[in-house]
Amino acid sequence: MTTIELKSVGKEFPNGFQLFNDLNAIFDDDAINFVIGRSGVGKTTLLQIVAGLLSPTRGEVLVNDVNVSDFSRVEMLRYRKYVGVVTQNSSLVLDRSVYENVAMPLWITGMRGSDIRHRVEASLRIVGMSDAHNQMPSRLSSGERQRVSIARAIVHRPKLLVADEPTGNFDRDLAMEVLGLFDLFAERDTIVLVATHDPHLVSETQRVFELKGGTIELLFGESPEQDPVA
Amino acid sequence: MKIQSFPWPDDGREARESITRVRLRSVKESFEHICRHPLVTIFVWLLMGIALSLPAGFWLVQHNIDKVVKELSTDTGFTVDLRLDLPGKEVESSADELRRNPLVERVDIVTATQALEEFQLTSDFDEVLAALDSNPLPASLIVTVKKGTEREQILSLAEKLEEQTSIASVEVDTEWMVQLRQIQQIASRLTWILSALYGIGVVFVSVAAVRYAMDSRFEELRVISLLGATNRSMRRPFVYCGTLYGFGGGVVAMCIVILALMAIEPPLQELASRYGGSVGFVAMNYVLGAVLVFIGSVLGLVGALHVTFVQMQKNSYLNRAR
Ligand SMILES: Nc1ncnc2c1ncn2[C@@H]1O[C@H](COP(=O)(O)OP(=O)(O)OP(=O)(O)O)[C@@H](O)[C@H]1O
Ligand SMILES: [Mg+2]
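Quick note, the sequences are listed as chains A and B, same order.
Sequential numbering from 1 applies to the first sequence in the numbering used here.
Sequential numbering from 1 applies to the second sequence in the numbering used here.
Only chain A is shown next, with the shape it has when bound in the complex (with noise of 0.2 Å):
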């Protein structure tokens, strides 16, 4: 079980860009946290921000009560050993193999290669591209490029996934099967966010949150804060 709590989230960019003030909401892992709204009111950044890749500006990130935004760099690292992440347009490293492209988080801690063929396999096992091992990321169609990025978010059995745009342009049906891997993870005690431009994507049977105009809102889906726990 994990929630992931923002308490009056603010980030403010070098720059004196100030995207958001005061951002208050609580993902928890029992179904997909969707976060909708128009491109670049900070979808992204919002996702950075939980996975620990940017630090707000302002305010705390609580993951199971743990204020993660005043980790030290020490524990941030360790913090994003927990992180899986798929980002916007499936960032495949075009010259390295599927197999390599899944297996570098795992190289970035130092794995065994024993464990890490392992794991690698049964990533792409579970996005059902186990046949795509050797091939190059640019011999791959949109959707598949798009399943062997979410392996890669998984292969190191991430505590918390985070996936920017995972549905790219894709048709619905492509959608429907790439979310319903999310869906898959959700169910498993994985705390998923989600980020999408496409509001069509989602429904009212969803926890959707809405990001505009520098707040969040939960649009759909029930607060976990009222949620009677039983």
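Worth double-checking, as some hints may not be accurate.
[Claimed, not checked] Quick look at which bits of chain A chain B covers, simulated, 3 or more residues with Cβ under 8 Å:
no., segment
1, 70-79
2, 104-117
[Stated by the list, open to error] Every beta carbon over 12 Å from chain A, so not counted as near; a handful from chain B, in silico:
no., residue
3, V22
4, Q182
5, R189
6, V223
These aren't lab readings, by the way, just hints derived from the structure by calculation.
Virtual Cβ for every residue (Gly too), placed ideally from N, Cα, C.
Could you slot chain B with the ligands onto chain A? The hints should help.
Below, chain B with the ligands without anything else, positioned relative to chain A:
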């Protein structure tokens, strides 16, 4: 100290990690890079090798001059030319006075007559000399100093002696030795200047080559920074890469010097034998080779450390992710 709190309990994942494996991976990646761009690598190695071999060659030349100077100037003494009109008794007393100096081992007197005889034996000026009615040569004292006397001490003693009225001049070195010493100084300074300049050159080559390496892997750096790699671990393969470039440059420099020496050795030996026996020239040896490779590696490392630092600052890969 703050108690470390963490959102999740450790599930054993951290026990599976190893910084050693991360480092080994960086080594592997740096080798991969230099193998993947063989032309660049060869070019860089040649460039660095040539740049390193020049000062190395100069150093060898300088070292050999030093050796010759040392072999020829025994630094065991000097010659004192007395005033021309000094009477024989005063020659004796000057010699005795010198003998009392604690630095002096022995003093041999060469009287004016002896000097003239010797001169007649070795030169073709007999007739000219015969035409003179007086001996144009002064008496002189050949001073041998005690073993272990410093050159500086000899020089200051000679300077003091020169002030005495009975002494015309003191000759510590023969004329050509003075010249050789001057050449020695020039060679030494040139070697330093060249070493500094070409050393900077090697650093620049490393900077350019590593920068190219980083640029060619820009995408990958951007991605792994998003995946949580530290700046240090992103720099590491490139730092190793620069060191490898320098190492290879050192090896190439060593080969160049060896080849150059092989080319000039036969005529050099011929020259040496003409002056009686072979001079033991300092050639390439293991120590010099190792020093060259070491210096090359260090210069490569310095360039790589610098450029990776600058590139990490400048690019801030994460923010370019958008
Ligand atoms: N490093 C930065 N310095 C200054 N401004 C920045 C920086 N990064 C982002 N911004 C600005 O912050 C705003 C939000 O950017 P962000 O990428 O978070 O938006 P987004 O909601 O993800 O947009 P999109 O849907 O197009 O991906 C943009 O106006 C952007 O120009
Ligand atoms: Mg974005």
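Checking C-beta pairs, does the segment 70-79 of chain A have three or more residues closer than 8 Å to chain B?
holds (count 4)
Decide, holds or violated, for the assertion that all CB atoms of chain A are farther than 12 Å from the CB of Q182 of chain B.
holds (58 Å)
For V223 of chain B, is the shortest CB-to-CB distance to chain A above 12 Å, so the non-interface label stands?
Its Cβ does come within 12 Å of chain A, the nearest being 5 Å, so this is violated.
Minimum C-beta separation from R189 of chain B to chain A exceeding 12 Å: can you confirm that?
holds (48 Å)
Beyond 12 Å from every chain A Cβ: check whether that's true for V22 of chain B.
violated (4 Å)
Under 8 Å between beta-carbons, do enough residues of the segment 104-117 of chain A, three at least, approach chain B for the coverage claim to hold?
Per the Cβ count (9), the hint holds.
Hint check: violations occur at hints 3, 6; the rest are consistent with the structure.
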